[in-house]
Amino acid sequence: MKILKTYRYLLLALAVVLLLPATLSSASLATEVLIFALAALGCNLLLGYTGLMSFGQGIFLGLGSYAAGLALLHLKAPLLAALLLAMLAGALAALVVGWFSIRQRGVYFVMLTLAFAQMFYFLAYTLKNITGGDNGLLNIPRPQLSLLGATLMPTATPWQYYGVVAVLFLIAFALLQRIADSVFGRTLLAIRDNEARAAAIGYNIKSFKLIAFVISGAVTGLAGALHAMLTGIAPLSNIEYHASESILIMTVLGGTGNLFASVLGAAFYVLVGDWLSTLWPRWLMLLGLLLIAVSLYMQKGLWGLGMRLAGIVRPGHGDQPPAALKEGGKQ
Amino acid sequence: MTAPILSARNIVKRYGKFTAVNGVSIDIMPGTVHSVIGPNGAGKTTLFHSLTGTVPITEGNILLDGEEVGHLPDYRRVLKGIARSFQVTSLFLNLSVRENLRLAAQGRHPGQAFRLWRDAESLTAACDTAEALLERLNLAAVASRPAGELSHGQQRRLEVGMAMAGRPKVIFLDEPTSGMGIDDIGEMKRLIHGLRNECAVVLIEHNMDIVMDISDRITVMQLGQVLVEARPDEIRNDERVRRAYLGGMITGGAA
Amino acid sequence: MSIYLLQIVNGIGIGMLYFLMAVGLSIVFGLLGFVNFAHGAFFLIGAYVCFQAVDMGLNFWWTLLLAPLLVGAFAWVAEKALLRHIYQLPHEFHIIFTVGVALVLQEAVILQWGALGQNVAPPSELQGVFILGDFVYPTYRLFVIGFTAAMALLLWWLLDGTRLGAIVRAGSESTEMVSLLGLNINRVFSLVFALGALTAGLAGVLAAPIRGVEPFMGVEALGIAFVAVVVGGMGSFWGALAGGLLVGIVQSLMSTIWPEGARLMIYVAMAAVMLLRPNGLFGRT
Amino acid sequence: MILEVREVHAYYGKSHILQGVSLEVGPGELVTLLGRNGAGKTTTLKTIVGVVAPRGGSIRFMGKDIAGLPAYRIAAGGICLVPEHRGIFRLLSVEENLTMAARKDSPWQLDDVYRIFPRLKERRKNGGSQLSGGEQQMLAIGRALMTHPKVLMLDEPVEGLAPVIVEEIVAQLTQIKKAGMPIILVEQNLAVCTQLGDRHYIIEQGRIVHCAGNAEFLADDSIKDRYLGVNVSTPTPQADHK
Amino acid sequence: DAIQFGCAVPMSGAFAANGKFADMGMKLAIDKYGKVLGKSASYTVIDTEGKPATAIRKVQEAQQKGTRFFLGGFLSSEALAIGKEVDKAGGVCITTAGADELTGSECNRSTFRWSVPTYGAIEQTVRPLIEKLPKAKRWYTITPQYVFGEGLLSAAKAVFQEKGIEHVGNSYHSLAEKEFSGYLTNAIAAKPDVLLLLNFSTQSSDTLRQAVSFGMKKNMTIVMAWASGLEQFESLGADLCEDVYFGAQYWHAIDAPFNKEFVKLANTAFKEDPNYSLAGSFICTKIVLDAIAKANSTDPKAVIAAMEGMKYEGLTGTEEIRKGDHQVIKNYYLLKGKGKSKMRNKTDFADIISSGKSFLPLEKTQCKMS
Ligand SMILES: Nc1ncnc2c1ncn2[C@@H]1O[C@H](COP(=O)(O)OP(=O)(O)OP(=O)(O)O)[C@@H](O)[C@H]1O
Ligand SMILES: Nc1ncnc2c1ncn2[C@@H]1O[C@H](COP(=O)(O)OP(=O)(O)OP(=O)(O)O)[C@@H](O)[C@H]1O
Ligand SMILES: [Mg+2]
Ligand SMILES: [Mg+2]
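Residue numbers (this note's numbering), protein chains in the order written: chain A, 38 to 368; chain B, 4 to 258; chain C, 2 to 286; chain D, 34 to 275; chain E, 23 to 392.
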């Protein structure tokens, strides 16, 4: 029972991983869900835990794609090495972007990350010898998942690749969940709540934010690399404003209360977006209406909605009304 | 003569052209309560900000236990043994009261907080400190409630508790009793008085009952400068202080 | 005249339009503490209303008056009906909400007028060019510079010289306190939101004869306006002006100095400003 | 009666804070509302002015029922609350704070406020964020006066103020009261209360448990003991002076 | 079981208009010629959103559901990406996009292209104009900075050099640019006789509009080498287009038998004259359907073999698919805009001045088909 409680979110993530193949006929779609779930997780660590609304997650996604793409294309790197490189690229970029951006708060922070996203976009566009410019980096191969020469998992067919992504996704999810539950995660929550107080009781706010940023960058870079291998290209659109926007929308759509919510958000966004686009060419209008509805009626996101439907009230997260206030309130 | 635990020399703090603190020197002796009083806007809070690192100082030196800390940011000074409460309550409003205190206790060892794998509860020292403080501050009944739901008075108590949780060498309390219930003021007074045994206390207070009763030294500030520094009985009878600050003494609440 | 001088003048011309776009964003943004990603959509609607009106034979000058008012009225209603429910929410919902509104409006424009761009002819009085030696400049653009400068003065007076301006700033801090002083903050919010939209709509009308109209012009204009606001400092009127002009001039100069990097340089300039003055040129610290 | 509160209930979320509060203020009267931390004093004031929505009961102001009206309508009608945290606008200068909601028909104009609080005049161009606690309180009271209130509600107005300033404010409040302004005062400082108040209400757990005229209240120490926990006989620790 | 086509075009995003016409074109072709080998063809629209990554993922999805024949993309980047993806799974992809790599350095077995490459576009616009305007010696170019733009520019430079034209300057700009006044100021300062626009779609429209507002039509000739056809004229209006030269892949007034048939078909179906996107999608679909019939098989390999070297009556006259690079050999057109008063009907925006086929020889295309 205790194990169930400790690992409940991981189990939910596992359920999603198993459910996707059972319900979707397309492996690519299922894989994309998991990849964007990773990106949304990275965003949630910033938004939900640190209170940083980053409009620049596309930077790390795009750089992850480019880094993995270049490594696979030119260095013939093995899969794991390419992924590590992409995470490193994401983390480094996050370090730089974060270092500049966290000097600001609130709206300024949002705008700064947005501006950085634009800057990296034009940088990628201008450096077309490296990035392929508008055409993107083409012909990225997808090697098998191997370690020390031994093949662990094949990636040739779409479902095989889904398997690899699923395993990596679960590992990343478990690690992130651990981080979120750790002393570190709890401190992030405090910083999100009141920076001045956190500093006054001894926490170096900037380092915490920066570390959160770097972790987020690495995870998003990983997502970018997996995406590059899914599609075989590292396109300019991965580093575009729209990529940042989508990741953010997924995160808010899912809800920022806990990490698993982001998985829901990503799944919903990708699947519903895919479905709507087959219904009506003006499907973006429906998406817009959906966003309006979410901000008006569903501020806890899909997760909150699910909780409300399930009637479960989790203690200690402030999303239940302060019941029993009277008894506790007076001394 | 013991050496002062904290010794500030010629502290100057300017906000733009305006000099809020103008060459203040102050020595805090260990095991004492040292009050800072003065009219509104005299620069008391600003002096606290300067000493605890909430704002960078413009000029001056601060020696803590003989070590220069004047250039350190606030979070680094906490490690050296400085803690403070705020005049305007500043809590983690969405976190539970217990978590507020645990975080404050943890802050003394912020390095631990970078452990990405450890559970917060497994670092028991901070948790124990938090539990002890809940009792001491009479907040045990509301320990699991978000701090934002407490009444003003409860929040004020927690505010002081946050500073205590850091187990500092010097604790700075900025008007800890402001907004507190009449019944609680006596309690708070005893609490502060008792703190002397653990650390040096620097106190800003407008409640003269408390100030006169528990202070060992009193510094009176006016217009950013020190007007006098003396024992309470001397202050009480100081004509300048009377004129500048005390007046007829209708403050003081109940007792 | 040297080419750089020409580019600076041209940059001022572009920049004044950016200013008009940015200033509304900045008021709504800085003063109401509200991040409006739908601001570009107001620009878009202004432009399309202008297109439709001119297409139906209405005089451009009437359009210049009517279209912004229409956009403002639309924003007023939208604010009353929808936006007011989300002011209290955190930034992310402001953004998600307004991104949603922007999408809906953009797609609505496509439904109504199609995805293809359309042309809007400048009014016949302003169709010529102004020539001074080597300097060739469309008369219409000259008019835009003059007109936006007049608008700038008007806005400045409204925001800095009137009580309304003070109330709005107060409201951005605490709506409750403003209400406690007996002021209907909601009405002020509607007013300011409508005013912001109105300036964007006006920018749209002014831009239409230069750019034509197409459904995605709003997104692009918004991007530039963001940069202008960040560079200038949020909530600052002068910041919006300085930011708009700076972006316009950088863009214009760069098209001579390093054309392929003109866009990149806008953002580099912004990063430089942010490094030196983190709150923007005129930002509050 | 200027203001009549009858059996008002109020909630935060599900928690029932005010459980039938009744009080009234007559013309020119200064009543105080006393009680321990968390008793519901602030909530009572907020409910009267409409920040917290009352449920059940009635609130009549100059003969009209105002329960359920939005806060700005109630405030514009003449009930002015100076809240606990003062609500100074940090982005506005001192003078803008004062004039932003000023009424031309108010008996207290800018010059009057500057006369009462000269310190504000000195700092008139400063931003609200640059004021000390005491300066902020002066500003809040001054600002309230300029909105032409018909009832003034002050939530702990001398909290955190230096004794001289307290004296000044008390003197000023006496003046305001003399001018005929009805006032509800929430205050922890008994000395201030008894010096100013005509009547005193004591609230406990969201209910008015006691009401007395000033003389009666002053005389009866047991009431203070019982409801306010003021134990006159409790010894206070003495500082050991070396 | 039906023969499945995928129409992978941008239905949302900045190029949504082209997607809509491509959809219409494919529908027309399938309705008219969709019965082959006793089976009936059908198609689904795949919204690429103008993003190559989305395009690939959705094409993968379609392939996993069994679709083998694709109309691939409108933008260069998505066409390239789709071509690669279709090649991996061994299908057929035919496109009207601009990127020369499609039948050049990135060519592959599965990818075919109907549109004329940049080389041909320049040869059929710049060269005839130099002959028509012997006094115009100074040319200025405005070029979008990416592979497509570079292709046009280098082809133009080659012609300039050969013909002794002075290339008085070039302004690169990014693909996100909307404001061209800065570049036009450069151009005016260079005092050219001809302003050659090498960008396309909305960017070329914006450039032309702003150039006209700067009074440039009065003292120089403006040429848009790669116009997108009727839709561009409609969005610019006749006044702006008057006396401007346009290079075009297709024009509804082309005097070719099959085009006449097609225009009639489109007129009855949609009550309007077909534009380039519609025509391109239509003819591409028809080519594949014809090839299926010719191969007597729906196996992509057989269909590809049938397409290679196929000669047919197309919209621009007789067209032929070159086996070596899968490039359709067809005409490119030089149009001249005419004033409102001279238009005979609402789509009669321009006259065809000249046309012809110019293609790099196979060796120079850099296409190495495995
Ligand atoms: N950020 C700031 N910028 C400019 N001036 C400031 C700032 N903060 C405080 N001041 C000014 O410095 C002076 C001292 O303020 P401070 O808050 O230290 O007074 P204080 O002695 O604590 O008063 P109180 O007892 O009322 O809290 C005041 O006049 C105040 O206006
Ligand atoms: N925003 C809130 N949400 C939930 N509960 C609240 C909120 N504000 C106050 N309360 C609760 O309502 C009760 C009454 O609070 P109120 O602020 O009215 O007390 P008070 O008498 O003014 O106390 P104090 O003297 O401390 O200011 C308290 O128990 C408090 O915990
Ligand atoms: Mg102070
Ligand atoms: Mg209270």
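The set of hints was computed from the structure by calculation and includes no laboratory data. Take these hints with a grain of salt, some might be off.
Taking lysine-lysine pairs in the PhoX-like style, the calculated list, with each CA pair at most 25 Å apart, reads [stated by the list, open to error]:
1) E:K379 x E:K362
2) E:K379 x E:K282
3) E:K240 x E:K282
4) E:K345 x E:K286
5) E:K154 x A:K165
6) E:K239 x E:K379
7) E:K316 x E:K240
8) E:K364 x A:K165
9) B:K20 x D:K158
10) E:K154 x E:K360
11) E:K390 x A:K113
12) D:K154 x B:K20
13) E:K282 x A:K165
14) E:K386 x E:K179
15) E:K179 x E:K282
16) E:K323 x E:K110
17) A:K165 x E:K49
18) E:K61 x E:K333
19) E:K360 x E:K179
20) C:K81 x A:K42
21) E:K87 x A:K113
22) E:K360 x E:K386
23) E:K159 x E:K185
24) E:K154 x E:K240
25) A:K243 x B:K20
26) E:K154 x E:K364
27) E:K159 x E:K200
28) E:K282 x E:K110
29) E:K61 x E:K157
30) E:K360 x E:K110
How the hints compare with the structure:
Between K379 of chain E and K362 of chain E the alpha-carbon distance is near 30 Å, which puts this suggested pair outside the 25 Å criterion. Using a Cα cut-off of 25 Å, the hinted pair K379 of chain E and K282 of chain E holds, with the two alpha carbons roughly 20 Å apart. For the hint linking K240 of chain E to K282 of chain E, the alpha-carbon distance of about 36 Å lies beyond 25 Å, and the restraint is violated. Taking the CA atoms of K345 of chain E and K286 of chain E, the gap is near 31 Å; set against the 25 Å cutoff, the hint is violated.
With a C-alpha separation of about 37 Å, the suggested pairing of K154 of chain E with K165 of chain A is violated against the 25 Å cut-off. For the hint pairing K239 of chain E with K379 of chain E, the CA-to-CA distance comes to about 29 Å; that exceeds 25 Å, so the pair is violated. For the given pair, K316 of chain E sits about 53 Å from K240 of chain E by alpha-carbon distance, which is inconsistent with the 25 Å threshold. Pair hint K364 of chain E plus K165 of chain A does not hold up; C-alpha atoms about 45 Å apart against a cutoff of 25 Å.
The hinted pair formed by K20 of chain B and K158 of chain D meets the criterion: a straight-line CA distance of about 13 Å does not exceed 25 Å. Among the hinted pairs, K154 of chain E with K360 of chain E is consistent with the structure: their alpha-carbon atoms are about 17 Å apart, no more than 25 Å. As the CA atoms of K390 of chain E and K113 of chain A are separated by approximately 22 Å, the hinted pair is consistent with the 25 Å bound. For a cut-off of 25 Å, the pair hint linking K154 of chain D to K20 of chain B stands: about 18 Å separates their Cα positions.
A hinted pair counts as satisfied when its Cα atoms are at most 25 Å apart, and K282 of chain E with K165 of chain A does not qualify at roughly 43 Å. Restraint check for K386 of chain E and K179 of chain E: the C-alpha separation of about 17 Å stays at or below 25 Å, so the hint holds. About 36 Å separates the Cα atoms of K179 of chain E and K282 of chain E, which puts this hinted pair outside 25 Å; it is violated. Note on K323 of chain E and K110 of chain E: the hinted pairing holds, with a Cα-Cα distance of about 13 Å set against a maximum of 25 Å.
Between K165 of chain A and K49 of chain E the alpha-carbon distance is near 37 Å, which puts this suggested pair outside the 25 Å criterion. Only pairs whose Cα atoms come within 25 Å are accepted, and K61 of chain E paired with K333 of chain E is accepted, the gap being roughly 24 Å. At most 25 Å may separate the alpha-carbon atoms for a hinted pair to count; K360 of chain E and K179 of chain E exceed this at roughly 28 Å. Between K81 of chain C and K42 of chain A the alpha-carbon distance is near 45 Å, which puts this suggested pair outside the 25 Å criterion.
Note on K87 of chain E and K113 of chain A: the hinted pairing is violated, with a Cα-Cα distance of about 31 Å set against a maximum of 25 Å. Of the pairs offered as hints, the one joining K360 of chain E and K386 of chain E is violated, with about 37 Å between alpha carbons and a cut-off of 25 Å exceeded. Of the pairs offered as hints, the one joining K159 of chain E and K185 of chain E holds, with about 9 Å between alpha carbons and a cut-off of 25 Å not exceeded. Among the hinted pairs, K154 of chain E with K240 of chain E is consistent with the structure: their alpha-carbon atoms are about 18 Å apart, no more than 25 Å.
Using a Cα cut-off of 25 Å, the hinted pair K243 of chain A and K20 of chain B is violated, with the two alpha carbons roughly 29 Å apart. The straight-line distance between the Cα atoms of K154 of chain E and K364 of chain E is roughly 22 Å, inside the 25 Å bound, and the hint therefore holds. Distance restraint check for K159 of chain E and K200 of chain E: the Cα-Cα separation of roughly 29 Å exceeds the 25 Å cut-off, and the hinted pair is therefore not satisfied. For the hint pairing K282 of chain E with K110 of chain E, the CA-to-CA distance comes to about 37 Å; that exceeds 25 Å, so the pair is violated.
For the hint linking K61 of chain E to K157 of chain E, the alpha-carbon distance of about 59 Å lies beyond 25 Å, and the restraint is violated. With a C-alpha separation of about 47 Å, the suggested pairing of K360 of chain E with K110 of chain E is violated against the 25 Å cut-off.
Taken one by one, the earlier hints fail for this structure at numbers 1, 3, 4, 5, 6, 7, 8, 13, 15, 17, 19, 20, 21, 22, 25, 27, 28, 29, 30, listed in ascending order.
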